[in-house]
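Sequences are here, hints too, so could you generate the full structure?
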Amino acid sequence: MNNIDKSFHTQKIFRVLLNCMAKPGTIGRIEAIDGTEESGFPFTGYMFSVAKTLLDQETLFHVANDSGQAEAMISFDTMAASGSLSDCDYLLTSGDDFFEIERLKRGSWQFPDESATIICQVVDLFDSDDIEGESVSLTLKGPGIKDSKEIAIEGLNPDLIEGLRECNREFPLGIDCILVGRTGKICCIPRSTRFQGVV
Amino acid sequence: MYVAAKGGAKAISEAEKLLEYYRCNGESIPIEVKQIMDQMRLAVDKVMGEGSLYAPDLAALAIKQAEGDTIEAAFLLRAFRSTLPRLNYSIPADSGQMRILRRISAAFKDIPGGQFLGPTRDYTKRLLNFKLIEETDQHVRDFVAEYELMDLQQVLGTPLLFPKVADLLRDEGLIESVKMNNKKDTSSIQQNIDDITRQALRFPASRAMRMQSLARGETGSMMALAYSSMRGYGNVHPCIGELRVGYVELVIPHPLMAAEYITVGEILLTEVEIIARIKDENKNSRAKFALGYGICFGQNEIKAIAMATLDRAMTAVDPGAPAEDEEFVLYHIDGVEASGFTAHWKLPHYVDFQADLNRVRSINERRSGKNE
Amino acid sequence: MSEYEYSYAFLDEQTKKEIRRKLLKAVAIPGYQVPFGSREMPIARGWGTGGLQITLSVIGPDDILKIIDQGCDESVNACNLRTFIEDVTGNAMTYDTLEADIIQTRHRIPEEKMKDGQILVLQVPYPEILRWVEPSERETRRMHAERDYNKLWVFLYEDIVRWGEITISYRYPVMVNGRYAMDPSPIPRFDVPKLHQAETLFLFGAGREKRIYAIPPYTDVLPLQFEDYGFKVEDFSGKSCRNCGSTNSYLDETFDSKSGKRYFMCSDTNYCTKRSSTITETKILPQEMSI
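First to last, the sequence lines map onto chains F, D and Z. Numbering of the first sequence is given in the working numbering, commencing with residue 1 and proceeding in unit increments. Numbering of the second sequence is given in the working numbering, commencing with residue 1001 and proceeding in unit increments. Numbering of the third sequence is given in the working numbering, commencing with residue 2001 and proceeding in unit increments.
None of these hints come from the bench; they were simulated from the model. Here the structure is a predicted model, which is why all the values come from computation and not from measurement. Any given hint could turn out to be false.
[As the list claims (entries may be wrong)] Below, computed lysine-lysine pairings styled on PhoX-like, alpha-carbon distance capped at 20 Å:
1. F:K146 to Z:K2115
2. D:K1109 to D:K1164
3. Z:K2113 to F:K146
4. Z:K2115 to Z:K2194
[Unchecked claim] Covered stretches of chain Z, as calculated for chain F (at least 3 residues, CB under 8 Å):
5. 2020-2032
6. 2058-2069
7. 2140-2146
8. 2217-2225
[To be verified] Residues from chain F that keep clear of chain Z, each with C-beta distances beyond 12 Å, as calculated:
9. A32
10. G35
11. E37
12. F41
13. E71
14. F76
15. S94
16. E102
17. D124
18. E162
Even for Gly, the Cβ is constructed at its ideal location relative to N, Cα and C.
Printed below as a string of structure tokens:
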């Protein structure tokens, strides 16, 4: 695939991310970039595609609980350097995995943008509380949301949600979250969103 | 639904044609880019420095295109630079190894290696030379031939190495040591050094940000601010420890073979180190001097001296004068930004003005309506 | 050098990526100014390079683009930006506010309410609202961090004491999401209410000052005001557009170049065109070119 096509792919993915971050709770959908369905990569091609859209040599990323392989693959492809949990700008993780969320960068009062973004793979995302299987159901409020919005997330550790709420308690400090479903659905939870949950 | 643009677009294209007409209708033969490179090298050097791109041929082209407006020419270079991919980073260039064209010190009467005036107008008498009006091809060729013959004999006696004057003072322990506040050290070069073409300025600025901003700063604005400091708005008397002009090699790490290097070329630089008195750190420590450092592309001595002066001035702990205020200096010396914004007032502001009119009328209505 | 090719939308991928990352952060922190590595563009600093970089980072081949300056599509600078973007993208252009996917604007928000899915990119000369009261960037960043907006309130108060009202006309200070005081760019007061709880995403780009900020849809954007001195928009009572008769749009006051007479016209030319074409099909628009 030539460079022009790749460039259009990341642009399309970015527009979905922008739309979903601007309207938290909106469920978007992306297409995986050709060549991202790699064997040996512990996440879906959709996750890799989001990484390709956002990472480059000016960012630090971390993969939670990685043997080193995922990081090597991402570094090779995006030229981004891997860093520690507390250093990274982007964290890739699975929703059912455990990591110390409180160690992620939340920015400073003067520069709250210098904070981490979590790119989290989940099983599925739903628009209402039509729950199937093990899900977290959330009611979201805040900028980008008209009144309130309900979503359900399958394959997300409830401790992660609690951890996120805790980290985002002192707005504007906080962490922003991109959820990526196994079939390419996208949903974002920026730090400006307040949420209440049912498990 | 695309509506064919009327009015505005036509005006722009007519204006462009008119510009071209003004440039071309003088009945003189078109200037060659090479002529500008050869015979207006100082304008070329100024534009390279402010355009932040070392490319004499492109700078000369920009000067031709901009009809001699050097700020406009620097803008053309900067815009072009924006489109170029970053290929590599050089290892630190060693100006101590400079192939000297000119090298002087004001601090000492004589220095190891000697003082070399080189190509300078400093001691010329500023009398208009009307003979230049009649200059012909033949004059130029004859002069060059004669000069080259003569110069060869002198070259053989010239020393090759010129140690840094500042090092003489350093060896005596008289120069303060400086703490760097660059980003945390990581393995790759690009993470190590701030880059103002990739990040916005923030304050307090790292040394890298200061130096980069100044090195690409507009000569006139830097001169004005440095001048203010020399005159007393701030207190820097820039005694020139050394001024050198010459060619410095650029070396990059070999892309494939570790611990190997390739020289990619050499660039002309002006470098100035000024020496200034500093306050004692404590009464028992040795009294020392501090250096101010200036460097820019090509031969542009006013700018390098101004840069070194401002480098010194901005270290003031309690900025009292504009030249000492880091934020004031760094925000206002970029020629492309300053000229762009100064010019932007020519854009329509009638909506904004209408809003102002509304306020003024509202105030006056209320005042005339009030009977208090 | 003559072999040189520009990428789609002029900016290289790395530049676009950085701006995209920063846009996501801006949207996550409504009203907060995110610093970015603004590139020099072929358009001069101060002439819209910030808005331009956002548009070029966001745009895709299927997007239809509208560009206005002072509300007018044919304004000289809007034309200049339009031809540049057309050259580097090949995208379709429009004058129709509702047809555009992305609208880049200087100093006005279109009269027709924009919908969900549309993006308005505003060109910003002064991203810092506190610049009205404090020249130092270092200091204003501290003020935002500490939510210390006292100086701004005092400034507004002193205006009332001296003039009987707040005299700020464009760049009217607003409070976003209850947290950040923000400069809405030099739009008139008339347009400020359009930012509040809107359906549209607003992106703000300041190229020279190197800041990006954003207002997501459905966000509280409230003009600063006092209980007894409320926020008021410009008053056009008694005036109407010479062309379409509108009495509820922002009007330009201008002079007929031939007769010298003063008249008023909608600043939003597309709105005016639409209104006048539904009123009379044969109406001819004035031929004077807008500068």
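Inset, instruction - Check, residue by residue, whether the segment 2058-2069 of chain Z contains three or more positions whose beta-carbon lies closer than 8 Å to a beta-carbon of chain F, and give the verdict. - result: Since 4 is at least three, the answer is holds.
Legend entry - Hinted pair K146 (chain F) and K2115 (chain Z), Cα distance within 20 Å: Given pair K146 (chain F), K2115 (chain Z) holds - Cα atoms ~14 Å apart, limit 20 Å.
Inset, instruction - Establish whether the coverage given for the segment 2140-2146 of chain Z by chain F is satisfied; the threshold is a Cβ-Cβ distance below 8 Å, and no fewer than three residues must meet it. - result: Holds, because 5 residues of the segment 2140-2146 of chain Z bring their Cβ atoms closer than 8 Å to Cβ atoms of chain F.
Legend entry - Interface exclusion of E162 (chain F) relative to chain Z, criterion Cβ beyond 12 Å: holds, 20 Å
Legend entry - Pair hint K1109 (chain D) and K1164 (chain D), alpha-carbon separation not exceeding 20 Å: Satisfied, since the Cα-Cα distance of roughly 15 Å is no more than 20 Å.
Legend entry - chain Z versus G35 (chain F) - minimum CB to CB distance exceeding 12 Å, so not interface: holds, 16 Å
Inset, instruction - Quick one: work out the minimum CB distance from F76 (chain F) to chain Z and report holds if it exceeds 12 Å, violated otherwise. - result: Per Cβ check, F76 (chain F) is outside 12 Å of chain Z; nearest 17 Å; holds.
Legend entry - Given pair status - K2194 (chain Z), K2115 (chain Z), alpha carbons within 20 Å: Given that 20 Å is the threshold and the Cα spacing comes to 12 Å, the pair holds.
Inset, instruction - Go check the segment 2020-2032 of chain Z versus chain F for me, would you? Three or more residues, Cβ under 8 Å, otherwise it fails. - result: n = 12 at 8 Å, threshold three: holds.
Legend entry - Coverage of the segment 2217-2225 of chain Z by chain F (three or more Cβ within 8 Å): With 4 residues closer than 8 Å to chain F, the segment 2217-2225 of chain Z meets the three-residue bar; holds.
Legend entry - Interface-negative label, F41 (chain F) against chain Z, beta-carbon threshold 12 Å: holds, 21 Å
Legend entry - Consistency of the no-contact label for A32 (chain F), given chain Z and a CB cut of 12 Å: holds, 17 Å
The structure fails none of the hints (numbered hints given earlier).
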